[in-house]
Structure formats: structure tokens, C-alpha cells
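Enquirer: Modelling step: build the complete structure from the supplied sequences, incorporating the hints.
Which chain is which? The protein sequence lines are A and B, in order. FYI, in the numbering used here the residues of the first sequence are 1 to 556. FYI, in the numbering used here the residues of the second sequence are 1 to 121.
Bear in mind the hints are in silico, worked out from the structure with no lab data behind them. Where is the CB? At the ideal position from N, CA and C, for every residue including glycine.
Pair by pair, the computed Cβ-Cβ distance ranges are:
id : chain 1 : residue 1 : chain 2 : residue 2 : range
1  : B       : Trp-53    : A       : Thr-469   : 27 to 35 Å
2  : A       : Gly-175   : B       : Pro-30    : 56 to 64 Å
3  : A       : Leu-217   : B       : Thr-92    : 21 to 29 Å
4  : A       : Val-15    : B       : Leu-51    : 42 to 50 Å
5  : B       : Ile-70    : A       : Ala-323   : 26 to 34 Å
According to the in silico footprint, chain A covers these stretches of chain B (three or more CB under 8 Å from chain A):
id : region
6  : 30 to 39
7  : 75 to 88
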Amino acid sequence: MPVVAQETGVGDPAVNMGIFLVFVSITLIIVFRASRSSRTASDYYTAGSSFTSAQNGVAISGDYLSAAAFLGVTGLIAVYGLDGFLYAIFAMLAWLVALLLVAELLRNTGRFTMGDVLSFRMRQRPVRAAAATSTLVVSFLYLIAQMAGAGALVALLLNVTSDLGQSLVITTVGGLMIVYVLIGGMRGTTWVQIIKGSLLMVTVVAISAWVLGAYGLNLSALAGAAADNHPAGQGLLEPGLQYGESTITKIDFLSLAIGGVLGPAGLPHILMRFYTVPTGREARKSVVWAIWLIGTFFLCSLVLGLGATALVGAERIISAPGAANSAVPLLAFELGGTVVLAIVASVAFATILAVVAGVTMAAAASFAHDVYANVIKRGGSAPNEVRVARITVLVIGVLGVLGGIGGKDQNVAFFVALAFAVAASANLPTLLYSLFWRRFTTTGALCSIYGGLVSCVVLITFSPVVSGTETAIFPTVDFAYFPLTNPGIVTVPLSFLLGFLGSVLGRERSDRRKFPEMEVRALTGTSTATGSPAGEMPETRVALDRSPARRPEQHY
Amino acid sequence: MSISEQGAARQDGTQQPATADPWVTAQRSPEFVQMRRKLRGFVFPMTAFFLIWYFLYVALAAFAPAFMAIRVLGNINLGLIIGLLQFVSTFTITTIYVAFANKNIDPPGTHIREQLEAGAR
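Expert: Given below as C-alpha cells:
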């Protein structure tokens with residue numbers, strides 16, 4: 001392997017980019033074609049809900065499986081063995097939460113954003129503002145993590161190690177993403193995700209088959225070879241390599257497990273995908289597609305992770321640029337040389353691009369629809385909504401690029417962990433209460449959203465991720481008063497508790513007319529076809545329950 | 001909308017006064033009540049089951065590593081097997097839920113929706 005000897009990267013940078021450029025060209029053509037039908041808000045935000053469940057299922061997997069899954073989880077399995085496998089397990093299992101409790105009901109009661117559902121039977125402006133705040137925080141953290149990841153990826157794959165070079169790559173990714181979302185809207189973004197999701201699945205399944213084939217389709221033989229090539233030996237296959245050190249680290253492991261399984265069903269860009277299909281039933285079927293694809297992906301991640309350790313060796317992976325993240329690229333190079341590495345590199349870039357596009361789409365929709373149309377314009381006429389969404393895309397894109405450049409030398413896992421923690425603590429409890437608990441009130445919703453959000457940020461700030469350890473953001477000072485790196489074990493129960501207390505102790509009653517409406521809509525899908533959307537009513541409707549006048553069915 | 005609406009709702013078997021909100025009427029109809037009971041009776045226990053099963057894995061990995069390290073088949077130990085079984089249970093629950101929803105949620109849901117939307121016209 002003469003090229004590996006360069007130490008800073010593997011393969012041929014020009015070839016590594018080749019397939020990616022083909023991907024970019026094809027997706028750009030599709031996005032421009034899709035732009036012809038992105039005029040109304042419904043077109044722009046949800047592609048007119050015109051995708052099939054199979055298309056949406058593939059797009060969900062494309063939106064969900066980020067570089068953190070493709071390179072990160074496989075790398076964690078390569079380095080930490082069974083402890084790394086937990087990430088694969090919860091990342092897949094989380095989809096049962098989405099399937100059983102969220103997807104259909106959300107599709108039936110909302111229209112464009114998570115705020116639609118949370119505010120359905122609440123006072124519109126405060127709840128939408130809270131939902132948008134949480135959406136923007138989660139999306140922005142996610143965006144920075146992906147953008148910064150792009151910087152790290154080029155160091156590994158393109159041998160670009162200079163600050164300027166990496167910043168340039170991050171800017172290019174941001175620029176392309178803005179083009180996709182600005183021009184293609186949800187339709188273009190969805191097609192990018194479908195293409196990328198398919199590429200990713202084919203690549204991962206093919207390399208896994210290759211690895212398994214090399215060990216006679218025998219998982220035990222593969223595991224044994226991995227253990228032989230890891231300093232921990234058989235310990236690689238046993239729990240505790242990453243989190244086994246002390247009781248605190250074990251509780252941290254548990255905390256990670258809580259945030260990990262509850263976070264994904266609260267990620268705004270994932271929730272928004274359910275609106276791109278016409279009915280709740282189609283939303284259910286898309287999640288079923290997604291579960292099979294995502295489950296297959298994470299089963300493959302076990303094979304890829306063990307394969308990387310078996311064939312490349314744990315020590316070489318850890319010492320490579322990007323450390324654990326380099327496991328799959330190194331494995332690809334080991335197996336098939338420059339060409340296979342180029343495929344993996346291109347898929348990794350396509351992954352980052354598709355995920356940032358999806359996240360930006362959700363953030364822009366939330367700002368334009370929740371904040372602009374409903375908080376600022378008070379739910380009245382907002383003919384400029386789509387234009388505001390497009391401007392928001394630009395602003396978020398630029399901020400994401402700046403955040404990515406600023407964060408590229410940071411521990412990006414921090415941003416992902418925080419995004420998941422906020423989604424699990426602020427969004428999911430509020431969503432579940434809204435959908436299932438009759439007595440949930442505006443005060444309760446505000447308590448659980450802001451309580452979850454603030455407690456996550458505070459606990460992370462005072463955690464070892466930010467200070468007091470060598471890998472922290474501020475390694476030289478120590479204000480790590482909270483010992484866990486994952487806040488979920490505290491913040492998730494806290495948010496549920498705050499939502500409960502806010503509803504029970506608050507003086508207002510829940511809206512007794514809106515809950516039946518929400519429940520009937522949620523379970524039967526009534527009126528989604530004729531489009532009487534959640535919360536696009538003027539603020540007057542919100543004036544509690546006293547008025548006997550019924551809101552007429554509205555057709556948009 | 002109110003006259004035809006209530007006509008539809010009455011056929012639904014409810015005794016709501018003529019001024020009742022159609023959503024409230026629909027929500028109190030026996031068909032809806034039964035549908036909701038069935039749905040909650042399925043998704044809540046199922047969610048509890050898969051979460052307990054998942055946290056059992058997490059707790060065993062964290063606090064009983066020696067148990068998880070017991071080798072069963074060659075290098076395949078209990079930790080790996082229980083981990084892989086999480087995938088099996090996820091796929092199984094998904095399949096069961098789809099069959100359940102097709103049978104118990106979609107037919108009454110469609111029926112109630114058609115009644116409400118016919119009434120609203």
C-alpha cells in the first residue's frame with residue numbers, strides 16, 4: 001500500500017472526488033427539474049405530500065443515516081467493539097418509537113412542521129415560538145456537526161489538512177446544500193436523499209458481503225480475527241471497553257442509551273419527512289420501509305466495524321487522521337484499493353450533503369411557518385411565507401458554514417450528542433403529551449420544551465465534554481460539575497415531570513374542544529385530504545373554549 | 001354543515017344533542033372509543049415491552065459484563081447474541097404492528113373519516 005504511507009490520507013484525492021462529482025451533477029439536474037413545481041407553501045415544504053411510502057422510506061434512511069452513522073458508528077464498533085454496537089442498536093430501535101407512537105398521528109394532525117402538532121390545541125404563539133426555538137437549536141447543532149465533519153473527512157480522504165483548504169471544502173458543501181434546498185425545496189431535497197440513501201445502502205451491503213465472504217460467511221471467525229487484531233483481544237467483544245471504567249461511566253452509558261433511543265423520533269428534520277406522503281397510513285408504511293433499511297444498515301455496521309479491525313487493525317485505525325472515523329475508509333482501501341475507497345469517500349460526502357439539506361429544510365420551514373407566519377403575522381395572511389423560508393435557507397446555510405469552520409477542530413460528537421439530547425428531552429416528551437394526554441396545557445408544553453432545552457444546555461456546559469478533560473472544548477479549565485457526558489438520564493425525566501406539573505398546577509384548563517378534534521384527526525386522518533391544517537387559524541380561535549361558535553371547515 | 005353532519009353522526013350511534021361539535025360527537029362514538037382502546041392497548045404495552053427489553057440489554061452490558069461475555073458459539077458471546085436479538089425483535093414488532101393496524105385501525109378509521117367528511121360537505 002504505497003499511498004497509505006503518506007500518513008495523512010489514503011487513495012488518490014482526484015479519484016476520491018470523482019464519483020462524488022457525478023452524484024452532484026445528477027442531483028443538481030434533478031433539483032432544477034423539481035424546482036418547476038415548488039411554488040406554494042405545500043409544494044415547497046412537503047412536495048405537495050406526493051411521494052410514495054417506498055420513496056419516502058428510502059429518503060428517511062437517507063436523511064437519518066448521517067456521516068456519524070456511516071463513519072462514526074462503524075468506527076466506534078471497530079475501536080470499542082460491543083460498547084460501540086450499542087449506538088447501532090439504539091439508532092435502529094428508536095424507529096419503533098416513531099412507528100408506534102409518532103409517525104401516523106403526527107402526519108394526521110400536522111401539515112409542515114413539528115410546531116403544527118405541538119400547538120394544535122394550545123395557544124398558538126408561545127407554543128409555536130417554543131417549538132421553533134427547539135427546532136432551530138437542534139437543527140443548528142446537527143448542521144455544525146455535519147459541516148465540521150466534512151472538514152475532518154477531507155483531511156482523511158483528500159489529503160487537505162490546511163485550514164484554508166478545509167474551510168473551502170466546508171463552504172463548497174454549504175453552497176451546494178443551499179442550491180439544493182433553495183431551488184429544489186422539499187421535492188429536490190427528497191430526491192437527493194433517495195439517491196444518496198440508495199447509494200449508501202448498496203455500498204454498505206456490498207462491502208459487508210465482501211468482508212463476510214472473506215471469513216467464509218462466519219461471523220464468529222470474523223469476530224475472532226477482529227479480537228486478534230485489537231489490543232484488548234477478546235475484550236473487544238465484551239462490554240465495557242468504552243464505558244466500563246467506573247460506576248459513573250456506566251451511568252453515562254445508560255444515559256446515552258436513553259437519549260439515543262428517544263432522540264431520533266424528536267428530530268425535526270425526521271418528523272418533517274412524514275409530511276411528504278399523502279396519508280397517515282402512507283407515513284406508517286414509510287417508517288416500515290425505513291426500519292428495514294436502517295436495521296439492515298446497522299447490522300452491516302457490525303460487520304464493517306469488526307471487519308475494519310480484523311483487516312486493518314485497531315492501532316492503525318486509531319492513529320489515522322480522523323481516528324475511529326477512518327475505519328470504513330481504511331477498510332475499503334484494504335479491500336479494493338483506490339476505486340473502492342473512492343466509492344466510500346463519495347458516498348460519505350453525498351451523505352453529509354443530503355443530511356445538511358434535510359436539516360436546513362426543516363429549520364427553514366419552522367422559522368417561516370411557525371415564527372414568521374404564526375408568531376409574527378399571527379396566523380393571518382402570510383403570502384411571503386415561502387420567500388421567507390428561502391431567505392432563511394440562505395441565512396442558515398451561511399451560519400452553518402461559519403459554524404462548521406469554527407467547529408472543525410472541535411469534538412463534533414459534542415454537537416451530535418447535544419442535538420440528540422435536546423430532541424429526546426425537549427421535543428419527544430412534548431410531542432407524546434400533545435398526542436396522548438387530554439389534560440396537557442400550553443403551560444405544560446412550554447415547561448417541557450424549555451425545561452428540556454435549558455436543562456440539556458446547562459448540564460452539557462458543566463459536563464466533561466466542555467471542560468476538565470483532555471478532549472474537552474476548554475481543556476485547560478475545569479468547571480465540569482456534572483460528571484456525565486450524556487444528560488438524557490436527568491433531562492428526559494425532568495422534561496416529562498415539568499410538562500406534567502405545568503399542566504396540573506397551571507391555572508388554565510386544556511382546550512376541551514380541540515382535544516377531541518385532534519384525537520379524531522390523529523386516529524382517522526380526517527380532513528387531511530381537504531386540508532384543514534393544524535394551527536393555521538387566526539389567533540382569535542385560540543381564545544379558549546368559551547365561544548360557542550365553531551370554526552368552519554377551512555379549505556386551503 | 002350542521003344538519004347533514006349530525007345526521008351522519010346519529011347513524012354512528014351517538015346520542016349527542018343537535019348542537020354538539022362534530023369532532024366531539026365523533027370522539028364519543030362507540031366506534032371511535034373502541035378503536036382508540038384497541039390502538040392504545042397495542043402500542044403502549046408494545047412500547048413498554050421493547051423499552052424494557054432494550055434497557056435489559058443496556059443494564060446487563062453495564063452491570064453484568066461477565067454474563068454478557070459468556071461465549072456460546074465460537075467467538076459469539078451472549079452480549080452479541082442479545083444485541084442481535086434486538087434487531088430481530090424490532091423487525092418482528094414492526095411486522096406485527098402493520099398487521100394489527102391494517103386489521104384494527106384502518107377500517108374503522110376510514111369509516112369514521114368518510115362519515116365526518118360526508119357530513120362536513
